[in-house]
Structures are given as structure tokens and as C-alpha cells.
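**Q** Protein chains in written order, with the working numbering: chain A, 566 to 782; chain B, 4 to 486.
Don't read these hints as lab results, they were simulated from the structure.
Honestly, I wouldn't trust all of these hints.
[Claimed, not checked] So, partial list: chain B residues that the calculated Cβ filter (under 8 Å) puts toward chain A: (1) A164; (2) K212; (3) G215.
[Unchecked claim] When the alpha-carbon atoms are kept at most 30 Å apart in a straight line, the in silico DSBU-like pairs for lysine-lysine are as follows: (4) B:K295 with B:K455; (5) B:K212 with A:K567; (6) A:K567 with B:K25; (7) B:K295 with B:K118; (8) A:K567 with B:K462; (9) B:K25 with B:K295; (10) B:K295 with B:K462; (11) A:K572 with B:K212; (12) B:K295 with A:K567; (13) B:K46 with B:K375.
Built from N, CA and C at the ideal position, the CB exists for glycine as well.
Residue strings, one per chain:
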Amino acid sequence: MKPIFPKSLDFLIRAAGAFLGFSILTGVAAYTYFTLPVVQDTGYRPEQPVPYSHKLHAGNLNMDCYYCHNTVAKAAHAAIPSTETCMNCHTRVKSDSALLAPVRKSYATGEPVKWVKVHNLPDYAYFNHSAHVTAGVSCVSCHGRVDQMVEITQVQPLNMGWCLECHRNPAPNLRPAELVTKLDWEPPAGKTRAEIGMEIVKAKNINPPVHCGGCHR
Amino acid sequence: MANLTLTNSDLDAISPRLVLDKGTRPTGYKEVTEDVVSIIEAKTSRAWWIAFIVSFLTLIMLFGMLSYQVATGVGVWGNNSPVGWAWDITNFVFWIGIGHAGTLISAILFLFRQKWRTSINRAAEAMTLFAVACAGLYPVFHVGRVWRAYWLFPVPNTDLAMWQNFRSPLLWDVFAISTYGTVSALFWYVGLIPDLATVRDRATGIRAKIYGFLSLGWRGSAQHWTNYEMAYMLLAGLSTPLVLSVHTIVSFDFATSVLPGWHTTIFPPYFVAGAVFSGFAMVMTLMVIFRKWFHLEHLVTIKHLENMNKIMLVTGTVVGYAYGTEFFIAWYSGNPYELFTFINRAFGPYWWAYWSMISCNVISPQFFWSKKLRTNIPFMFVISIFINIGMWFERFVIIVTSLHRDFLPSSWGYFRPTYVDILTFVGTFGLFMTLFLLFARFVPIIAISEVKGVIAGDKHRHLPEHVEAQMAVKRDEIMKVVA
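Construct the complete structure from the given sequences, taking the supplied hints into account.
**A** Listed below in C-alpha cells is the structure:
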């Protein structure tokens, strides 16, 4: 019987198999890498309608986070300040700055400034700011050194594994609750963050949920 | 009784052959090849195109529904608290169950040397694969974010920093179904190799190349056959426990919960029997159509159909017994919640589903006690459809009626499917039929080499002594088999 295929097909098949296998492995590796939250989400820095500098306000002028984000200790949601909060000062300070034109316009019309949300959790994750802030988790743990950022940048991956890391071992991220907005806080001499955190865990009986229903309701 | 008037056809009434004459033409090796391979060599018929286009459009509708669901969210399905599992899991179990006949026929009947399996195993195994494909859609799309469906498998991941719950039968199910799909596909393909080579040998041009490629260089040497037989035997051995384990684990999805109506030790055998029952019904539905369509009545004979009906009678009776036992235990346990659930099933808001199930699954197979009815082809076709419907209702009854009455009466509800639920389910039939029609068009739908293996056996079939005595002299002449 005349063969249908030449003998060289054996090599071609093996080569094609090897190529396919290699492509699949490379594809899986590439997909895995490029969808890692640290690759995909960390470093997100959208352009804001007003070039508001946290470095200037929270850093140089040393304003407390609570002045603008005034709901974080009481509510689940961290409020973005209303235009009126800005205008408390900016009716007198830099009241004619061109950069502040959108804020003045908002103040005049009542239309809020369209700030772009940077730290955006998925809808099925219920994050409660007050639960974290009153327990003694500092802003810096999730948002980084905002007082040094001209433009707000996401510095943490904010994926579930990252949340769980702290929920399983909260002590290193805990401090006295009145110091949460002190972003450059260092533990007093002779004590580590974890030791202080451990005392707080015991004193407040902090036991973060690690079951599904803790965050997904 | 010197006057010998017996013919092969007379003897078929006493002990039917597995391969009959086609009209007056005796069927030998050459004819088996010709009858089966000519189906896929013939020009595509108009009937096939019509069936294919209808199925394919239904499949496109399935894609549409699934895309809509992925784009919008799982909320487009009707399941919601308290009925968190509804048509999705009903249809999943329905399709998985249908697959079981294929594995039973190909593995267990093979190991038990049931020669009548030969002409139905190929189609039944194909049906298994396509049913598993339909079933697999549901858990994958129920997770919502389908692109994360691989999280079902315990692969290391940095996103979640957690593992699956290894104590959960839902995870066992992932392994059970994927193993089942893989082994069934391998078994089917290994069985196909000699037949694909047969098609190759008759083909020319590009067809010869394609079938030549797919038949993996099969030459039919003694060495090839030895290896093939061994591989087939091993795969049959591997598949045999799967017939029992897959649906056992599917039943664990329910049985290990603490929900009255699900928390039952009878579930594993009850589910396996039900799966085989529904699977044979689907094989019957398909074979009645396809044997007629492709003129294969001499290969898929009335004996094959009758044997399948007997299996349906047995498994249907087991299933009916299980329904009775469930009720008995609900009363005997003295557990008021269990008793409430079962009384509610039969007489509560879903009474229509329960009694549809009972009439289709318990009553309809009982007709097969009558030889006249179980050899009546239109009758068995209708019954097989009833059984398909009944087995769907069984899963619906188990899942939805157990859930819709929560422990808290304030959470009681009533499940209604949305149009997406319904069209998705109809769409899976499109997927199933599209695949099956492609199979019937391009692959020998009967295992040629295996049927050839039983032709010689027909010559030596066992006959009652007085018949044997009658034909003592001219046995070979009467029972001549074309080879």
C-alpha cells in the first residue's frame, strides 16, 4: 500500500507538538503575569479634573486627613470632600487661581467636581472604612504615603490575597486609633509595630473575619 | 421431523442474531463496512442539512444567552434566595446523567462480555461526550466570571491567597467530571482508531489524508490489534468505577448538605440508577431515529432495543423504589422537617412537578414488562421521551422543592425560570444535536470492527435442544454466515 504521508511527518508532528506545548506554557505564564494585581492595578494614577496635590495639603501644610475625609471613622464609605470644604479656605487663599476654576464653577453651580476614583474595590467586596480606622489600621497601610504624593497613585494591589494577608495577621498594621492619620508614625523606642499591634489586638479583641461572608455579603 | 424447513430468520425468533440480513441480503464483513462507511461517504443529504441548520441556530441562541449572561450577570437566571440552585444545576445533573449510559455500555457491558453492546456503543459514547460538554457549561457559567472558572481547580494563585475547600463535594465534582470527560474521550477515540483506518482505506485525496492522520498510522497488524485490545481493556477497567463514582459524587453535592430532602444516604445508588435510566432513554431516542434514518435496522436490531428496554425497566424500578424509600424514611425518621419536605413535594406548590416525575419515571417503564410493548418501536420511542422528561423533573424536584421552603417561613419562596433559563436549556440541546449530527456525518456511527467480531458468534448461538436436534445434520448450511 502506498503510504499517505511521507516519513518526515513524524518530525513535523513532534515539532508542532513541542511548539504547541511551548506556546501554551508561554501563554499561561504571560496571562498569569500580566493579570497579577501588582502588575495590573498597582501604579494606577488617573488624571484628575483639578490638579489637587495631597503633598501640598497633607504634607507641607500638615492638614489632617480627617479634615476633608470626615466620614472615615464613622461610616463605611470614605467621603470625597464637597466643594464647600475646599472653599472654606479657597475663598481667601488663591481665590483667583486658574487651576481652581473648576472648583469655583462647581461652587457657583452646585455641580460636584468629577473626581476620578483611584482605589476602587469590586462591587461584591464590602469594605468598611470605620471598622478599619477605629481598630487602628492607618490610612498608610492601604493608601501609602499620600502626604508625599502630588497625584494620588494606587500603591497596593488591593486584591483579595492582599486583604487576607492582614486579616490573618493584623498586628503589624495596627496602632493606637488616634494616630491612624499620622502617616509617618514610628513605634516608640524599644517596641516593634507587631508588639504594639499585638497589645491592641488583645485590648480590643480584634479578630478580623477570614470567612467568605466577612466581605462578600 | 426429517423435513427441514428452518431458515436463519426462523431461528431469529428463537434466539435472535446480533447482525441480521438486510432484506434478503445476508450481512457479512464486507456488507458491515459498506453499510456503515457509505453513510459518511455519501453526499450530504438534505435532511441532514435541515437538522443541522436547526441545531446550529439553536446553538447560536445558546451562545447569545450565555454572552448576555456573562455581560449582565448571573441575575438573568431565575435563581435567587431561597432557591439558589435551580435550572442551572438541574440541567447540569440532567446532562451528566444522560452521559452514563455511554460509559455503562462501553465499559461495564464490555467487561461482562455483553456482545449486544457492539452496535450501540459508538453512538452512546459520543452521546456521553456531548452530554458532558452540555453539562460542563452550567457550573462554568454559574460562577459568573467565566474567565476565572479555572479557580475551580486547585492551581496556585496570587489573587486569592487561598485554596479550594477540599472537604467540599463541589471540588470532588470538578475532579469527577473532568476525569469522566477525559477518560470517556480517550475510550471513544481509541475505539475509533481501527474504524477511522477503514474509512481512510476507502478514501482518496484530502479525505484520505484527514482520516489517515486521525487513524494514527493504524495498519491492522497483529501487533496493533494486541496493543489495541489491551488498551481498550484497560480503559474499560478505568471507566468502570467512573460509571458509579461520577454520579455518586454528583449526589454528594446534595447529600452532604444538611437540607431536608437532600441529606439522604440513599442518594448515591439512587442517583446512579437514575443516571443509567436517563442515559438509556436518550440512547433509545437517538438510536430509534438514526437506525431508521441511515437504514441500520439490521445492525441495531430489535434485540438491541429490547435489551435496552429491559435495562430501563430495571433502573426505572430501582428509581421508583428509591422514591418510595425516601418517603418511608421521611416518616420513619420521626424528623418533622424531613416529613414536611416530602409531603410538601407531593402536595405542596410543586405538586405538578412531583407527579410529572412519578408518572414519567415510575409508571412508564413498567409497560416494558410486556414483551409486546418492549418490542414495539413507536411505543418505546414515546416512552423514552417520557423518561427523558421525567428524569429532568426528578432533578428539578430534588433541587427546587427542597430549597423553596427554607427553615424560616419568612424566607419561603417560589422559583420561576426566566426566559434566559429556558432558552439556555433549549440551547444546550442545540449544542448536543449539532455535535451529534457532525458525529453522524463524519465518523462511523457504528463500531465496524466490533460488529464484525460478533458476526461469527451468531453462527454459534445457543438454541433450545429440540431445535438443535432438528438441525443436527444441516446446521452449518442453515446457520451460514457470510464472512
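**Q** Which of the listed hints are broken here?
**A** 6, 8, 12 and 13
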